[in-house]
Each structure stands twice: as C-alpha cells, then as structure tokens.
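Trainee: What follows is each chain in one-letter form.
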Amino acid sequence: MADPMKIRATLTGDTVDVRVLMQHEMETGQRKDAQGKTIPAWHIQQVTATANGKTVLSAQWGPAVSKNPFLTFKFRGAAKGDKVEISWVDNRGDKRTDEAVIG
Amino acid sequence: MSVMIPTAKKKSALAVAVAALVAFLALVAGCATMLSDNDIAAKATAMMKTSFRESGQAKLDRLDQDDVQATCSQYESAQKLPKDVAERLEKSQMATIRYPADGKMEGNWKAGEAIAQNGTGKQFNDDPSKPSGANCYACHQLTPQELSFGTIGPPLLGYGKLRGNSPEIQKYTYGKIYNSQAFSACSNMPRFGHNGILTEQQMKDVVALLLDPASPVNK
Amino acid sequence: MINRHAGIRALMLWTALALAPGAIAQQKSAVDDIARYRELLQDGNPAELWELRGETLWKTARGPKKVSLEQCDLGKGPGVVKGVYASLPKYFADADRVMDLESRLVYCMVNLQGYAPTDAKKQPFGNGNDRKSDIEALVAYITSESKGVVMNVSLAHPKEMEAYRLGKAMFFHRGGPHDFACATCHGDTGKRIRLQDLPNLLLQSDAQRAYTSWPAYRVSQGELRSFQWRLYDCFRQQRFPELEFTSDASVALTTFLAHNANGAVFNAPAIKR
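Sequences listed follow chains A, B and C, in order.
So the first sequence is numbered by my numbering: it starts at 1 and just counts up by one.
So the second sequence is numbered by my numbering: it starts at 1 and just counts up by one.
So the third sequence is numbered by my numbering: it starts at 1 and just counts up by one.
For the record, the hints were derived by calculation from the structure and aren't laboratory data.
The reader is advised that the hints may include incorrect statements.
Said to hold, decoys possible - Covered by chain B, per the in silico footprint, the following chain C stretches (three or more residues, Cβ under 8 Å):
{"id": "1", "stretch": "67-73"}
{"id": "2", "stretch": "118-130"}
{"id": "3", "stretch": "133-143"}
{"id": "4", "stretch": "159-166"}
{"id": "5", "stretch": "178-186"}
Even for Gly, the Cβ is constructed at its ideal location relative to N, Cα and C.
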C-alpha cells in the first residue's frame, strides 16, 4: 500500500475542519528526464472522504495538483469521537485509505 | 590564625597545597597549548582534503589555494586587508590580464545578456563541454527589465551611460571582468578570465551588455 | 583611470532611480509577496509526512542485528529524543568525536543495528518517492522533538572548541574557480542573491533565524532537506568538489553555525521555497 496520510479533524460548533497531507509524486506527464524521455503521468485521480458511512467529499484530481498535496475541507453532521475516512486512487490503480478521529 | 609550624601533619597539608597549585598551573598551561590560529588554518585545510571527494569536473585540487585565495581567507574580508597587502595583490592580479589580441573589447550585448542570466558552469553536476554563464544577476542589477537581481555587488544600471564608451573604459571594463581583483583586492567577484570561467568572446559580449548604447542597461 | 565625476553622477542617477516609483516598487513587492507566500505555506507542511515515517523508523527493529534505534544515545541518554537537536553537535566519548545528528545516527545504525557504514550512508538525500532517505526521515522526527527548545550548543570540551574553530576557518576558506567562501554570500548584512535574502551568519540575529529553520521541506526539491544537505548543496554551488556526508568538515562547520545560533528558539522542520 502507498504511504500513509496525515489527517487532522477538529470540531468547532457544528462544523468539522479536516486537513489532510498526502504523500504522492503527482507527476504531470509533461516533464522530460535528463535523456529527453517524457516522465509518465502518475497522479491521484479520485479522492473520497466519508464520515459515519456517508460520503462528505468526492473529488476528481488531475495533473494540476501539486506534489505531496494538502487538502482542507469542512463539513457538518458529525460529532467528536466519530471517524473520518479518506481514500485516494491514482492513475496506476494504486490506492490508500486512512482514518482519523474527530477531536 | 596561629603561626604554622611544619609538623608531619602540616607538611602533608602543604604537600596537598603544592599539588593543587601544580595542577592549577598545568590547567593554565593546557589552555596555552591550545592550537594557534595558524595551526587551526593548517588543520582545517588538511581536514577539508579528507572531507571532500572529487565529482564530475570538480577535482580535489579546487581546495588548493593560490596566493590571492590564501591571503583573502586569512584576512577574512576585503575591509580587513592592510593597505600594503591589498596593493601587492592588486599588482599581481593586474599582471595576469590578457586583453584580446585583435584589440576589440566589445562583442554582442544580446549574447552578453544570455551570459549574465546563465548561472550554470563549473559545478560538479554541470556538463564541462557546455559554456559557463557569468551569473551576473546573482549579484548585480543590470537591465531595468530584470527585477530578479541580487545585491551582493553594486547596481550596474546605466553603466555605459555614466561612463561613455571610450577605449579606456572598454579596456577597464574588460579587465575588471577578466580579473576583478586587479582593481579591488579580495573582491567577492569571480575572476572570470584568469580562472577560465568565461571565454574571450563571452567576456567581450558582457562588455557590450554594459557599454553598448543599444543595450537595455543604457536605455 | 575612472572619470572621478562618474562617482557623483552615479550617485545622482541611483538616487533618481530610487525615487522612481515604478521598477523599485514592483521589485519590493515581489520580495514581500514571496514572504507572504511562504507564510501561507506553513500550514500543511509535507515535512510532517517525513516526521511520521522517521518516528516509525526509530521504533522499528531493523538491520542485521534486528534492533530498533531506541537505545541510541543522542546526547541526553539512550533513547531520549526530546530536546536533543538543540544541543547538537556535541562531543561523544564513546566515539571520541564531535558529532552532529546525522553522524550520530550513522554511528547508532552501525553499532546498534549492525549496518555497514557504507550501507548506513548510502542514501543520505532522498530523490523521489521511490528513492527515499531513511536518515532524512529520522532527522525530521528527531528535530521535531526539539521544537520550542532554546539552542544551547556547548564548546566546553576541547574537541568541541576545536571543531568550532575549524568550522570558522572553513567559513572563510576561499577556493575553487569562482574564489567563493561561505563568507562571500554569508559574511555581509542585508544582501541577497537574485531574490533570495542571505543571512549574515556572522551576525547572531541572522544566524539564529537561519539555523533554526533547518531541516525544512524544500518545495522546489519536493523533499525534506537536512542541514547536511544544505552544506552539501552550498559547496556544489561554490564550485567545490563534493562534501562527504557526515565528514569532519561538515560537522565542524555545523558546530560553528549552530553555536552562532545559540539563544534562539528552535523552530523546525520548517517549509521553504
């Protein structure tokens, strides 16, 4: 499995603030190496966040997202102690899922 | 306190006192045997030789210092150079300048601008078959259009406008690029000609960038 | 040789330019905007990913002896990680040598975990996700445990004092085809190379600010970079040959610079351009 994400989820009032650091090369497919060969595209394509079984974020990413992406988003409908689960799938079919407890 | 009479007990107390004094003196002497600045400099040079390895075009002889490098290292900065040392260095560096055989000092300012922008050359990861840049913008302002300039050296905006384009100024400018230390001992500016960083044509092009009235530096 | 009036004319021209709003204002705002960009980058520092991996590596049994690094003495006793970086480099009696964090980690990898020295040092700097550096991850973790600690590098031991003096001599050593020394760029106040501000490492306030911001995630590198890397890459740009990882010279220079930063609060791993 790919490298773990670092997830922080904090509840303020009724809103959960989620911050996710992902480790990924996010190669655009436009760069060339020292020999002039194109470095193949390798980037996250699908990101999904769920809380209490419900999808709270669904995103389709492309080559514009930078290396080691930092994602932040907010949602309502969860309480302290609930779990937030983040998953991503990249264009090679590689995937990663991690979860965090809302604090 | 009563007068001390050297009984057997008092004698050993004295011996202890003497021993303590000897130890103290040894400690002080130990501080005095700390390496001198010259010894440290020599040790540092030896240490560097075993702490670096050659890579690409960068061989270990790059750690060896010529007279200028050794002297400038010793005095730490141009500001701390005694006047007579500065004069000696400048004289020796002036003697190294080789002016173009055809007597022409100015080349093409557009080529000069490319050389001024290029920061590669002579690094161990650089291709030695490719020409080096002068990286002028690392330290100097030159054209008004280029905002990404450094301030280690003085701004050169309007260089030719201020000085004119006489043969004297051309010769001075070429010489300064060839060996800046001929004019300013222990200058931070690389000795582009003397150390083989730029070719004669490249130096002529940089002169043009600075002196040609058509160059953006002078507009 | 030079027309002596050129100096006065130069001063007048420069003053005129300084008062001209256009180019100079644009220039200043470029530097300010870069500073704001850097501030915004502080949140979501990818260095945290290296810290996570480093903590795992510290606690995992690895190497020929299948032992973790948790008995490694980084200066405050075996296994103590909190606050150690702020006191490094320091003299270690068991190695009879002044050591920085990386050289101490190599020492523990060799002596505790049974790695050959060449294996321990084979990937000092990472190069992409498939060529990660374990040492860089360990550095990220261990330095993060010194956040908030005041720099306190000691020179009490004679070898520590000697390392400091050797590092200082190196700082002024001009060499290579460009005649560069560390002092060429880092010996003056208020200068910059292109648009990168340069700390005067001989001035305590600048040295404090600079030293306590390493290691850092270098966005342009896409990697967490340590102080050993910083020195290595400086020497590359100085046109010197290659600085050997954890060499005596690297430790001496680190001792000089770290001690100059004494009194400052350590604040890394940071994030830089």
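Trainee: The structure should be examined with respect to each hint, and the outcome stated for every one.
Mentor: A quick look at each hint next to the structure:
no.	hint	in the structure
1	67-73	violated (count 0)
2	118-130	violated (count 0)
3	133-143	violated (count 0)
4	159-166	holds (count 4)
5	178-186	holds (count 7)
The structure fails hints 1, 2 and 3 (numbered hints given earlier, in ascending order).
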